[in-house]
Amino acid sequence: MSDKSKQNISDLMDGELSNDCSRFLLKRMQSDETLKSSWNSYHMLRSCLQQENDAPLMQNLGESVVQKLNSNVVMEPIKTGRFNGWAKSLTGSAIAASVALVAVFTFNQNQNVPNADALPVYAKTSQQFINPPNATAVRVEQTQGLTRYPSLTPQIQQYLSERNNQPQIPVYYNVEHVNRMINQSRLKAQQITAEE
Amino acid sequence: MKSEDQDKMSEKNLDAELVAQAKQGKMAAFELLVNRYQQRVANVISKFVKDRHEIQDVAQEVFIKVFRALPNFRGDSSFYTWIYRIAVNTSKNHLVAKSRRIQNTQVEFEDAESFGSNEDFRNLDTPDAVYSRGELEQTMSKAIAQLPEDLKKAIVLREVDGMSYDEIALEMNCPIGTVRSRIFRARDAIDQALRPLLEDENMRKQHVR
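Here the protein sequences line up with chains H and P, keeping their order.
For what it's worth, my numbering labels the leading residue of the first sequence as 54, then goes sequentially.
For what it's worth, my numbering labels the leading residue of the second sequence as -8, then goes sequentially.
The set of hints was computed from the structure by calculation and includes no laboratory data.
Quantities reported herein were computed from a predicted structural model and do not represent experimental measurements.
Glycine residues also receive a C-beta, built at the ideal position from the N, C-alpha and C atoms.
Incorrect hints may appear among the rest.
Computed list of lysine-lysine pairs in DSSO-like fashion (alpha-carbon distance at most 27 Å, straight line) [what the hints assert, rightly or not]:
| # | chain 1 | residue 1 | chain 2 | residue 2 |
| --- | --- | --- | --- | --- |
| 1 | P | Lys3 | P | Lys41 |
| 2 | P | Lys56 | H | Lys59 |
| 3 | P | Lys83 | P | Lys56 |
| 4 | H | Lys80 | H | Lys59 |
| 5 | P | Lys133 | H | Lys59 |
| 6 | H | Lys59 | P | Lys83 |
| 7 | H | Lys59 | P | Lys(-1) |
| 8 | P | Lys41 | H | Lys57 |
| 9 | P | Lys83 | H | Lys121 |
| 10 | P | Lys133 | P | Lys3 |
| 11 | H | Lys121 | P | Lys144 |
| 12 | H | Lys121 | P | Lys41 |
Computed Cβ-Cβ distance ranges for the label pairs, DEER-style [what the hints assert, rightly or not]:
| # | chain 1 | residue 1 | chain 2 | residue 2 | range |
| --- | --- | --- | --- | --- | --- |
| 13 | H | Ser117 | P | Ser68 | 19 to 29 Å |
| 14 | P | Arg91 | H | Ser55 | 50 to 60 Å |
| 15 | P | Asp141 | H | Ser58 | 48 to 58 Å |
| 16 | P | Lys83 | H | Ser58 | 37 to 47 Å |
| 17 | H | Ser58 | P | Lys17 | 12 to 22 Å |
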């Protein structure tokens, strides 16, 4: 390898070589081991001069990086334990099962709602999210069953009531309704005991 | 003079050219790019990670990430600014992962006590590799110290102070051609000093493979 080629490498790494020569040299360096080695040595000198106290001197890291990329070694996170996988899935299944159980019990309670002909209840639409800014809130008189969806517009409540004979959303979404039901059943029980 | 400057491939354009070739899958171009920035990346990592062997591992991880993210590099910022961010994030992630590993690993009391101070306990390299790296650093330092004063000054102004050839010419009160020659001769002297060591190491690597 001539000194001229080496000097060109030195100029190239400092941005002092012409465009054409640079492209040509870059191409040559990728196939010529001696040129590549000079590039690496020149950069090692740079590394040594720019090295900071705590950092080790880096030497031809490119080779090991390219080897790793070529061998397609993917850096995977370290697994903490052998049973990690099935333990995770077991936990997931347990949570899903308990949610399903709660849903089944609440649905059964829904079917036991005693009296749907109580006083009319009003549902109010959410003006901020549903209505346009200059629209006014609408109050719609509804039957007891529809108030299970207090956050929905009357139209959607109507649609849901037409589609479903039984309410689909569990009763615990409407705390007031549940409390009212509990109070009514207590009153009824008191009345029965009083009659007896 | 101005047209000459315009015709030169600036360092930014050199990076862009190497990135473009690496994006096309030319691994040799990417290798040149890694060797170009390896030390600066290691310096950044060393701000977060104190173990020198870990710094090398993290640096390798940084460049693997850089390669995989190359299609996302649009060239709005400089290449170094981009890899600097990747290096910082990778270092932080490394620290988090390491603290988790330490929490999940049971270390014997005696080992844990000496872990912080005992360099050998953390040393994952082979003794040969450690020795040759030390030898390389020593040879390099010795070769730099032995450089003639004008060559040493020129190379230090360029590599440490980051001056351009024009600025160095003004500083050293000599023509730009002389600066070019001095910088090259300094680099070549180091290259000559390191070559036998590097050849030995290459031979050893080939034997290991």
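*Of the hints stated earlier, which fail here?*
Those not satisfied are hints 1, 2, 6, 8, 10, 11, 15.
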